[in-house]
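What follows is the residue order along each chain.
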Amino acid sequence: MDSVSIIGMASIIAAGICMGIGAIGPGVGQGRAVQGALSAIAQQPDERNSLTRTLFVGLAMIESIAIYCFVISMILIFANPFWAYVVKKVGG
Amino acid sequence: MEVVAINQISPDQVILFTWGFVTISATLIYTWIVMGLLVVGSIAITRNLSTDRTLSRWQNLLEVIVGGIRSEIREVVKEGGDTYFPLIGTLFLFILFSNLFTFIPGYVAPTSSLTTTSALAIVVFFAVPIFGIAKQGVIEYLKEYFRPTFIFFPFHVMGELSRTLALAVRLFGNLMGHEKVIAILLAVTPLFFPVVMQALGLLIGVIQAYIFAVLTMVYIASATQMHEETEHKQKEH
Numbered sequence: 001m002d003s004v005s006i007i008g009m010a011s012i013i014a015a016g017i018c019m020g021i022g023a024i025g026p027g028v029g030q031g032r033a034v035q036g037a038l039s040a041i042a043q044q045p046d047e048r049n050s051l052t053r054t055l056f057v058g059l060a061m062i063e064s065i066a067i068y069c070f071v072i073s074m075i076l077i078f079a080n081p082f083w084a085y086v087v088k089k090v091g092g
Numbered sequence: 001m002e003v004v005a006i007n008q009i010s011p012d013q014v015i016l017f018t019w020g021f022v023t024i025s026a027t028l029i030y031t032w033i034v035m036g037l038l039v040v041g042s043i044a045i046t047r048n049l050s051t052d053r054t055l056s057r058w059q060n061l062l063e064v065i066v067g068g069i070r071s072e073i074r075e076v077v078k079e080g081g082d083t084y085f086p087l088i089g090t091l092f093l094f095i096l097f098s099n100l101f102t103f104i105p106g107y108v109a110p111t112s113s114l115t116t117t118s119a120l121a122i123v124v125f126f127a128v129p130i131f132g133i134a135k136q137g138v139i140e141y142l143k144e145y146f147r148p149t150f151i152f153f154p155f156h157v158m159g160e161l162s163r164t165l166a167l168a169v170r171l172f173g174n175l176m177g178h179e180k181v182i183a184i185l186l187a188v189t190p191l192f193f194p195v196v197m198q199a200l201g202l203l204i205g206v207i208q209a210y211i212f213a214v215l216t217m218v219y220i221a222s223a224t225q226m227h228e229e230t231e232h233k234q235k236e237h
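Just so you know, the protein sequences line up as chains F and B, in that order.
If you read the first sequence in the working numbering, its first letter stands for residue 1, the second for the next number, and so on.
If you read the second sequence in the working numbering, its first letter stands for residue 1, the second for the next number, and so on.
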């Protein structure tokens, strides 16, 4: 295989692995966060508003980890600097 | 009509025209459209405010928005919330409206470009120490970096930098990711399902705007109140 196809293949596989593994941690984390918030609301329904607000902020913080993975795999697929370099070199 | 092609991850890459060294990209145009709408709308509404018993419907809307933001800030900052109101309110309203207009065909959210979100995050990056120094003075503010011992200084600095990066990438990733998901769904299952995702996108946009504002508020609150809290804890012990 020439270097162009190796780089293309590696980028796509790496993007898939990055998104796949990167979604596991935030998934587990968000599940635990929602579980904790639900049992807290069940115990103290009066504190629902502040609990919900904190929950949303926390969920967004956890979710941002998955978003980083997503951004990296998007860069690998659509805006890969190595790919652009190789294509420019091969194309002339 | 598709402004940003599926293999472009940012509206910065859509260049409308270049004139010498000036390049006008789609991000710039839509940022100015949102800014113009906000400014013209606010001026038009606040031109004839009334204190009568009957309010105009637009004044009522604006009062609800301003009152809501102000009470949210007060809940986090406790005291002196009105100092931070202009910054946080502006950030919130700009992000909110640039996210919400995505249901208009041909519009691309300027927040789905990394340049816009980095600019907003850098504003927060500078605003936090400015508010902290204004509240506590330079010496007291810098002392925060050396708590509990001087070993923690590099971690504090890294925390400041990484949370700025996180603010920028979170907003950008959410908006850009949602755009790409809709573009892919349009190719796979056209007509109905993308509409549902668009509706979900409105929710995501509102939540992201809220989170950006809340995080800014929390950072400012931690820069202005950290010292008092540690003192309280020491007294309790």
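One should not assume that every hint holds.
[Said to hold, decoys possible] Computed, partial: chain F to chain B, Cβ under 10 angstroms:
id	residue
1	G16
2	C18
3	A40
4	Q44
5	R48
6	S50
7	V57
8	L59
9	M61
10	A66
11	F82
12	Y85
13	V87
[As the list claims (entries may be wrong)] Using 30 angstroms as the maximum straight-line C-alpha spacing, the simulated DSS-like pairs for lysine-lysine come out as follows:
id	chain 1	residue 1	chain 2	residue 2
14	B	K78	F	K89
15	F	K88	B	K180
16	B	K180	B	K78
Worth flagging that the hints you see were computed from the coordinates, not collected in a lab.
By construction, the Cβ of each residue, glycine as well, lies at the ideal position given by its N, Cα and C atoms.
Each hint, compared with the structure:
Contact between G16 of chain F and chain B, as hinted, is not supported at the beta carbon level, the nearest pair being about 15 angstroms apart and thus beyond 10 angstroms. The interface hint given for C18 of chain F is broken, as the beta carbon of that residue sits about 13 angstroms from the closest beta carbon of chain B, more than 10 angstroms. At about 18 angstroms, the closest approach between the beta carbon of A40 of chain F and any beta carbon in chain B exceeds 10 angstroms, and the interface hint on this residue is violated. With its C-beta approaching chain B no nearer than about 17 angstroms, Q44 of chain F sits outside the 10 angstroms limit, and its interface hint is violated.
Nearest Cβ of chain B to the Cβ of R48 of chain F: about 14 angstroms, over the 10 angstroms cut. The hint is violated. The restraint placing S50 of chain F at the interface with chain B holds, with a minimum CB-CB distance near 8 angstroms, inside the 10 angstroms limit. Interface restraint check for V57 of chain F: the shortest CB-CB distance to chain B comes to about 5 angstroms, inside 10 angstroms, so the restraint holds. The interface hint given for L59 of chain F is met, as the beta carbon of that residue sits about 9 angstroms from the closest beta carbon of chain B, less than 10 angstroms.
This hint holds: M61 of chain F has a C-beta 8 angstroms from the nearest C-beta of chain B, less than the 10 angstroms allowed. At about 9 angstroms, the closest approach between the beta carbon of A66 of chain F and any beta carbon in chain B falls short of 10 angstroms, and the interface hint on this residue holds. With its C-beta approaching chain B no nearer than about 16 angstroms, F82 of chain F sits outside the 10 angstroms limit, and its interface hint is violated. Look at Y85 of chain F: its Cβ only gets to about 17 angstroms from chain B, farther than 10 angstroms, so that hint breaks.
Among the interface hints, the one on V87 of chain F is violated; its C-beta lies about 13 angstroms from the nearest C-beta in chain B, farther than the 10 angstroms criterion. Between the alpha carbons of K78 of chain B and K89 of chain F the distance comes to roughly 59 angstroms, so the proposed pair goes past 30 angstroms and is violated. Our distance criterion of 30 angstroms between C-alpha atoms is met by K88 of chain F and K180 of chain B, whose separation comes to about 26 angstroms. A threshold of 30 angstroms between alpha carbons decides the hint, and for K180 of chain B with K78 of chain B the separation of about 40 angstroms lies outside it, so the pair is violated.
In summary, the structure is inconsistent with hints 1, 2, 3, 4, 5, 11, 12, 13, 14 and 16 from the numbered list given earlier, while agreeing with the others.
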